[in-house]
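Enquirer: Take a look at the letters that make up each chain.
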Amino acid sequence: MKITAAEIYKTIELIRCQAPVVHNITNYVVMNSTANALLAIGASPVMAHAEEEVEEMVNIASALVINIGTLSERWIFSMFKAAHHARKKGIPVILDPVGAGATAYRTKTARELINNEPPAIIRGNASEIMALYDDKSKTKGVDSAASSDAAIDVAQKLSETHKCVICISGATDYIVGKEKIVKIKNGHQLMSRVTGLGCTASALCGAFAAVEKLPFVATVKAMAVMGIAGEMAASVAVGPGSLQTNFLDCLYCLSENDISQRLKIED
Amino acid sequence: MKITAAEIYKTIELIRCQAPVVHNITNYVVMNSTANALLAIGASPVMAHAEEEVEEMVNIASALVINIGTLSERWIFSMFKAAHHARKKGIPVILDPVGAGATAYRTKTARELINNEPPAIIRGNASEIMALYDDKSKTKGVDSAASSDAAIDVAQKLSETHKCVICISGATDYIVGKEKIVKIKNGHQLMSRVTGLGCTASALCGAFAAVEKLPFVATVKAMAVMGIAGEMAASVAVGPGSLQTNFLDCLYCLSENDISQRLKIED
Amino acid sequence: MKITAAEIYKTIELIRCQAPVVHNITNYVVMNSTANALLAIGASPVMAHAEEEVEEMVNIASALVINIGTLSERWIFSMFKAAHHARKKGIPVILDPVGAGATAYRTKTARELINNEPPAIIRGNASEIMALYDDKSKTKGVDSAASSDAAIDVAQKLSETHKCVICISGATDYIVGKEKIVKIKNGHQLMSRVTGLGCTASALCGAFAAVEKLPFVATVKAMAVMGIAGEMAASVAVGPGSLQTNFLDCLYCLSENDISQRLKIED
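Chains as they are written, first to last, in my numbering: chain A, 13 to 279; chain B, 13 to 279; chain C, 13 to 279.
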């Protein structure tokens, strides 16, 4: 499955043109920065977490992004309610299992969401993806050095069981779907020094899935754009402060040429 | 009613000199960016939402800004409590009805706040203002293409009924008061790609209302400053990331000359 | 007690090398900016406030930072739970009593935390520190002009009673411990126009205390780094927007030479 720079750029143009509403139930830390990234790429972010309104907000959205980064009881209730409604309406759900494996509360919540309301796309780092698989011997908690190989194995099982796309992000991003894996080698190490860029990647998956029918293709495109904008931003950054500012500027200005010059994608 | 650059600048000097406390009960997305905008213009932001302390916080504030962008039950309770107390103490209340019309929960909350604790100033986009008027046939939900004409009509009715100033913000801002309308044509399109600049405008209305007796005049001045700082920031921005950084710098550095060179105000 | 630039830099290297997990239960306004500051200095921030998971999160942390900037009932419960657990495990607790003195709710919460779960380090401005001492005649509320002398007196009493380090931050920072006071005269006035830099200072105290055994030494080093990065950032800033961006860049790039050239420390 070859995805080209031209195809990626076409999807960006669709986002810019349609400005799809992306409904986020996300953590307090990244609400501002993910909303800004969604606006920069051309989407229309909304944040709403009250059980009284999540279904109605899903109704006007083209994607729902659920991020468990700062959980509490009522928020979990709303996440389930919104995910259930989105699935019923055929709206793609993206799950970011932030910190799965770090505490039982997060691991349990992520697994229950996946089991009861399987999302279209799950994006996490290797440790988080490992923690999603209900097999104690394979769960390494917050071990950020979890090997990609082991995580890919888990991702393939999850993908098969729940019919969803799994993205393991890191120096190389692995997008795992039914009998296929795509690797993306874009991005820059400095990105790990800015809070919430993983969450931003998940939000961008939402923006791409909002206008692109195939979740696997949407994820590949979103992760490529994330990595390319990140490395462009890093190339002129002094440190993580300017990286973040540049990143939003790059997302906003991204051209087809930027993508074709930098895209590092492998089947 | 002619408001001049010199008068606007005098009010900025008052804010810088008095550093009025502006109490915000606002949404999670914009807490950081609105606090920064208030600090940049010279005010002292405080954020407090617990029912146990909102009245006491109102006591030390010179304005109260209520923003319904990420509602939930307890926060609504505190909004009413704080607004009631502020009105009793004669402290101006500014309401930002974020997403009114998008969900029944937001529309209902905004309308009940207006009916029970009429604020001094309401600022929203055309769709949000339309949604505040209790006439189903006129409510278009999140239709961002709501015509300004229709919104002005609603604003005049709201203003009359509740004795408050309504600001409909957009490419042209309309400030609607008793038998008067002022238009401001400052601002820049790129501002719509930064999250929460509408919320920032409402917070600035709070800072200006804190030192300026007439809510109508405070709103006109705040919106002019918002637009001018925004277009100055946009003139040297690469994209929405640098716009946001520049915007705070421009608010902080704004001179009388900047205002007089750029002010586009019409009765 | 003389602390040198070389010693400060060695601790930064330890943080960069060990990337200690700093668990924050903090306010909504600063979650993003303090997470970014912790990442920039080399630490690993986590934010978690649910009573279901705070103990488990403390288990993987090397410091716990509690900040009362946007309190509510459930969060207070979690703060006590986390602090209790951290103390039992020997993990240093840093308290930022934001707004103590402004409302009874904040003053009471801060005092109860100190009395029941005495932290290793408390950092606040002069008014906040004054408000922590249970003597009505000395509490001036939010009076930001509280004299440093009076605050130092209170800090010494608090330090003695609770065996903790008190940092009174301001134009001059006073770090008060058992029979010793260190003054730091770094920093820049523009820093007060960026929201949450006080909270960031407290978070940095957490990062330093995570790798440095003596809380007093950790606090001195953290406050020196804070002030130095702040004045470096201010020296090339146009206003508070660029200051914030530069600040993160400076924290990330800070060299031993930067510190030795700027350090203004006095016994």
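Do not rely on the hints blindly, as some may be mistaken.
Identical chains blur together in the list; that is why a pair holds if it fits in one copy or across any two.
Simulated pairs of lysine to aspartate or glutamate, EDC-like, Cα-Cα distance not exceeding 20 Å [claimed, not checked]:
| # | residue 1 | residue 2 |
| --- | --- | --- |
| 1 | Lys120 | Glu64 |
| 2 | Lys120 | Glu67 |
| 3 | Lys100 | Glu268 |
| 4 | Lys120 | Glu68 |
| 5 | Lys197 | Glu19 |
| 6 | Lys190 | Glu67 |
| 7 | Lys190 | Glu63 |
| 8 | Lys14 | Glu191 |
| 9 | Lys120 | Glu85 |
Source of the hints: derived by calculation from the structure; they are not laboratory data.
Enquirer: Please go over all the hints and tell whether each is borne out by the structure.
Expert: Okay, the hints, checked on the actual structure:
1. Lys120 / Glu64: For Lys120 and Glu64, only the inter-copy Cα distance (11 Å) is at most 20 Å; the intra-copy one is 24 Å.
2. Lys120 / Glu67: between (23 Å within a copy, 16 Å between copies)
3. Lys100 / Glu268: neither (35 Å within a copy, 56 Å between copies)
4. Lys120 / Glu68: Result: close only across copies, 14 Å inter versus 27 Å intra.
5. Lys197 / Glu19: Within one copy, since 18 Å is at most 20 Å while 39 Å is not.
6. Lys190 / Glu67: neither (30 Å within a copy, 38 Å between copies)
7. Lys190 / Glu63: Classified as neither: same-chain Cα gap 34 Å, cross-chain 38 Å, threshold 20 Å.
8. Lys14 / Glu191: within (15 Å within a copy, 63 Å between copies)
9. Lys120 / Glu85: So Lys120 and Glu85 pass the 20 Å test inside one copy only (12 Å; across, 25 Å).
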